[in-house]
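Colleague: The lines below spell out each chain.
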Amino acid sequence: MRIKLHHPVREIELKGPKPVIAILSKLGLSREAHLVICNDVLLTEDAMISDDSAIEIRPVISGG
Amino acid sequence: MKCRRCQNPAAIKLPRHNSAFCDPCFRDYLNKQVMKAISANQMFEAGQPILVAVSGGKDSLVLWDILIKLGYPTVGLHLNLGIGDYSRISQEHVERFAASRGLELIVHDYKENYGLGVIEIAKETARPPCSACGTMKRHHFNRIAMEKGFTVVATGHNLDDEAARLLGNLMNWQRAYLEKQTPVLSDEGGKWARKVKPLYRLPEREIAAYAVLSGIDYIIEECPMSKGAKTFLYKEMLNRLEENSPGSKLQFYLGFLKEKPALFPKPLEEGPTQFCKTCGQACGGDLCGNCRLMQRVAAS
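Chains X and S are the protein sequences, given in the same order.
Each residue of the first sequence is one higher than the one before, counting from 1 in the working numbering.
Each residue of the second sequence is one higher than the one before, counting from 1001 in the working numbering.
Mixed in with the good hints there might be a few duds.
Here are the simulated DSS-like pairs of lysine-lysine, each with C-alpha atoms no more than 30 Å apart in a straight line [to be verified]:
#, chain 1, residue 1, chain 2, residue 2
1, S, Lys1191, X, Lys26
2, S, Lys1277, S, Lys1180
3, X, Lys26, S, Lys1277
4, S, Lys1180, S, Lys1258
5, X, Lys26, S, Lys1013
6, X, Lys4, S, Lys1013
7, S, Lys1230, X, Lys26
If you are wondering where the hints come from, they were derived from the structure by calculation, not from laboratory data.
These figures come from a predicted structure and were not determined experimentally.
Just chain S, same shape as in the assembly (with noise of 0.2 Å):
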């Protein structure tokens, strides 16, 4: 097999383009695609500062390295969930990631800060493991970035994610999850960090390709509290239906983007009306979601 471009020997196989890429003309197609769904949604200005947040998998540490590689001043930042093993061998692969390249890494502990991981956290909680991360996951980036002084925060969710996400949606019809959906979350008039999702074209195969050809040393486990998450199943058939067709997962997504303002001409919700009145985050109510947990931790 030979590269479309160059007819060097290709490393990989595109056939949602119909061809095959040597190494450089792969990376340099994927730099291309990222530079595209950031000018395309004016993700952030050349210069400006980002706050990347990187878990260890491939998706946030090729982001780190791609975003650096196109010349943005970058600081990560990784949240140590205090799952066991998993948590120590993830913030292990983002230090090593950090010091081999010089990076600013910013860690923070939960279990060092409220004395509980985020099982715990749920568990106190009586919230489902994901649903709890996901709460917690939000509000540290958000405050993180606004105590640091960033305006973005970037994370690692590429098409999979987010045509997963988007079936799911679909499936559960969830109507103001379909409106949120989108690879740009608005800053409110600078209440939060903007979020920006500048993988959301590169299919998942792609960027473990780019990983792997860059020697990017990732954490292949997966979460142990995922095990059975819908995200697998759905992930699944749309790789069956890209199997038979592909570029549909592709196509998928971007016709979603492309209809949106159709589907939602108007806001269904309000943004955020209020401050959380114990950490000063903006937010729907007198508390934010994240402060709620922690008040439940704190009474039971």
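This is chain X alone, in the form it adopts within the complex (with noise of 0.2 Å):
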């Protein structure tokens, strides 16, 4: 699968099919600080990511 990163803006692949949690959880991502969206569509973390999708990892924590 696709996966768009941010800060900064790149794009990975990881082996898919993966549910959101664990994908979240392989990249070392925190499930409270990232939402994962596919095609503008919120996923929650037992949704099922196969392998020929593309996703957006997106942060959500902001300020300075």
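Fit chain to chain and form the complex, with the hints in mind.
Modeller: Here's what the structure looks like:
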């Protein structure tokens, strides 16, 4: 699967299928600090992502 | 995963409520949280015009969206800080949001007004950029609100902002800042516009989710000057706690607000006692913080 990440914007590949929670865990990303989005749809942590999918993992933390 | 209310497929899981919601039920829940914050703190009355400070980020645009949906008359205020592409893109997001909904927007551009952006002003005055930026923002929110006849300014500060600020203030035992940390900052008898934070009950994740579900296009990039800011570390620590013990952030902040009257039975400092001799705003000395900055810029 293709995964778009931010800060900086980049794309990585990961082998699927995998549930959202496992993807966040594998990438070491906090589920409290990120949203997972596919085609403008929010995905819950139990959603299964197939190998041919493209998703975005969007950080939600802001401020300085 | 199913919505706790209607059993339709869930759009978001909310561990702090041990539940999950579909899109319509989640947005309804979020609107109610904002209504609860407004009424519990008497932030403003129905029909009272509100100046909404909008940066182009998720929080302020979601706040503006919710206030409109709740029927409040609003005008947006965007400060263009003059930070290169970041400020240009931020303003574009705000303008698109306002134009698509037919909303009135006031834009105040630092470079157009002062010939310098906030980074240059910070350099000229040897102030940390975030400190100079905060001073200038407070001044402009207040000045523009009062000039345009608004008695209240709403900002998009969320639960994570407030909890991180509380943690920072405790780590440094900033008693004066702790005393002033509240969802409503007084107008000091009409000397200032009242500042309110209607999103203080909502974590950033829920606000960002609302933005995605509502199709609100916001700037995801962070201010380049905020790199390395302690706020991010505090937020990360609080999120680790939240993951292990859902509801921790809200408990931390609401607990503080509950205990505050006992912690600070009397004000530590007097309110504004004078008026700035340059701009006329209420302040604690001859010059307000913003005019002191501007004076130093002029001198340099």
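Colleague: Decide, hint by hint, whether the structure agrees.
Modeller: Verification of the supplied hints:
For the hint linking S/Lys1191 to X/Lys26, the alpha-carbon distance of about 53 Å lies beyond 30 Å, and the restraint is violated. Among the hinted pairs, S/Lys1277 with S/Lys1180 is consistent with the structure: their alpha-carbon atoms are about 25 Å apart, no more than 30 Å. Proposed proximity of X/Lys26 and S/Lys1277 is contradicted: the alpha carbons are some 58 Å apart, above 30 Å. Between the alpha carbons of S/Lys1180 and S/Lys1258 the distance comes to roughly 14 Å, so the proposed pair stays at or under 30 Å and holds.
As the CA atoms of X/Lys26 and S/Lys1013 are separated by approximately 20 Å, the hinted pair is consistent with the 30 Å bound. This hinted pair checks out: X/Lys4 and S/Lys1013 have alpha carbons roughly 22 Å apart, not beyond 30 Å. With a C-alpha separation of about 26 Å, the suggested pairing of S/Lys1230 with X/Lys26 holds against the 30 Å cut-off.
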